[in-house]
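Colleague: Chains as they are written, first to last, in UniProt numbering: chain G, 1 to 239; chain Z, 1 to 239.
No lab work stands behind these hints: they were computed from the structure. Do not rely on the hints blindly, as some may be mistaken.
What the hints assert, rightly or not - Footprint (simulated), chain G over chain Z, 3 or more residues, beta carbon under 8 Å:
1. 38-48
2. 210-223
As the list claims (entries may be wrong) - Residues on chain Z that point at chain G, a partial pick, calculated with CB under 8 Å:
3. I52
4. N54
5. P69
6. E70
7. F134
8. T168
9. Q170
10. H172
11. L174
Note that the structure is a prediction, hence the values are computed from the model and not measured. Note that beta-carbon positions come from the ideal geometry of N, C-alpha and C, so glycine has one too.
Now for the letters of each chain:
2 protein chains.
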Amino acid sequence: MKPNPQKQQAFRHIQKAIGYTFSDSTLLERALTHRSYSAYNNERLEFIGDSILNYTIARMLFDHYPKLPEGRLSRMRANLVNQNTLADIATKLDLGNALFLGQGELKSGGFRRPSILADAMEAIFAAISFDADFAAAEKTIRKLFADRVASADTTELNKDAKTLLQETLQAHRLALPKYRIEEQRGEGSEAEFLMACDLGELGHITHAKANSRRAAEQAAAKEALTWLQAKLAADKPKN
Amino acid sequence: MKPNPQKQQAFRHIQKAIGYTFSDSTLLERALTHRSYSAYNNERLEFIGDSILNYTIARMLFDHYPKLPEGRLSRMRANLVNQNTLADIATKLDLGNALFLGQGELKSGGFRRPSILADAMEAIFAAISFDADFAAAEKTIRKLFADRVASADTTELNKDAKTLLQETLQAHRLALPKYRIEEQRGEGSEAEFLMACDLGELGHITHAKANSRRAAEQAAAKEALTWLQAKLAADKPKN
């Protein structure tokens, strides 16, 4: 495997972008080798890289969100560690230009395929751990994922507050909330709903207005969740 | 939380058995605290411990089986890292005696429940990583799982040779095997089948006899798999 000048240029670009320079560049080459190109490919490295990534993101979330329950952290990680996110990061590093692909994959645009990009990205994390050590791989991942981890909670909160509220209550063995319409005005695009989210035994009720019953429920749930998290944080000893 | 003398004894026993002594024993206590006992429980630790365990076993398998494809390693890990295995290890450490459980769980035998034992076991790995560092947790896991990793391949081989043969061939883009009856004698418990497993383009055919068609196929597949692994190992550059 003798990388041509274009490949060499792509290798330099990746290493600069991730802030890590390989002592043994054949490790980087192997991480970028798809199984369509050679039996000596990145599949085994990807297996290791995936687990380094999972640990590092778990630890980042644990430290960044000291008050969130395990279920939330676990879902946040699933949102962060998936093919789309990894392919997105790989695309920003121009990883596609550096890949070694078989003729078939080359012709069918394999260098843009999310699964191929994501696997190579994970394999690079493993390659770093072999080239240096686990800590070097962890450091690279922390750098690449810092912004995403910092905004993971907001992203999740915007998703489905009712589900999150329910899960948080269940995790603390508390009764599920009751939703009820307090007021309904107008129809169609003019409609306005005022919903209440009643936390029952906790003695807290939140209200929210929106153009649909569903949106008003979600907004009331989000209010309730914010209140609940503050309460749980206050009740709980420091992590 | 003031552990009584029995608990203290159980803590000493665990630490001796795993070969790790905590500087901060409250970390061990937390790892052993089920959510039924306190809001300050082991759930977040378990999230971290699970990922340390997954990485460590991945790396052990990677090193121990330099010639096995990723798919095999992944299945072997799934067999090693599961509730049953972890509960088994926890039982050998008498972990149940050390657990902090709520009254309900205590009465219903929670100290024997595999899910509770497995979660506490994983939480202990995380607790070690916080008490010392990642490497200390990895070392403890390596010690506890050494024998199981060394025998993981045999365990898997005995499971279903036909599936493994098929997967190994597919991973190397080789044609699937053809099975055929070469001979059949007797009936019922006296029956004897001679099956052939034909690897086609590879030019290798194995044979095996057994009392059922299925058993003879599996045995022929196992022979073929052994041959194929040796061939692939000889063809492939060193890991």
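Colleague: Determine for every hint whether it applies to the structure shown.
Modeller: Hint check:
1. Chain G is given as covering the region 38-48 of chain Z, and this holds because 7 residues of the stretch bring a CB closer than 8 Å to a CB of that chain, at least three being needed.
2. Chain G is given as covering the region 210-223 of chain Z, and this is violated because 0 residues of the stretch bring a CB closer than 8 Å to a CB of that chain, at least three being needed.
3. Hint status for Z/I52 relative to chain G: holds, with the closest Cβ pair at about 6 Å, below 8 Å.
4. A hinted interface residue such as Z/N54 counts as satisfied when its beta carbon comes closer than 8 Å to some beta carbon of chain G; here the least separation is about 5 Å, so the hint holds.
5. For the restraint placing Z/P69 at the interface with chain G, the shortest Cβ-Cβ distance is roughly 7 Å, inside the 8 Å limit, so the hint holds.
6. The beta carbon of Z/E70 comes within 4 Å of a beta carbon in chain G, closer than 8 Å, and the hint placing it at the interface holds.
7. Hint status for Z/F134: holds, given a least beta-carbon distance of 7 Å to chain G, under 8 Å.
8. The beta carbon of Z/T168 is not positioned within 8 Å of any beta carbon in chain G (closest approach about 12 Å), and the interface hint is therefore violated.
9. Taking 8 Å as the C-beta cut-off, the interface hint given for Z/Q170 is violated, the closest approach to chain G being about 11 Å.
10. Hint status for Z/H172: holds, given a least beta-carbon distance of 7 Å to chain G, under 8 Å.
11. The beta carbon of Z/L174 is not positioned within 8 Å of any beta carbon in chain G (closest approach about 11 Å), and the interface hint is therefore violated.
Hint compliance for this structure: hints 2, 8, 9, 11 are broken, all remaining hints hold.
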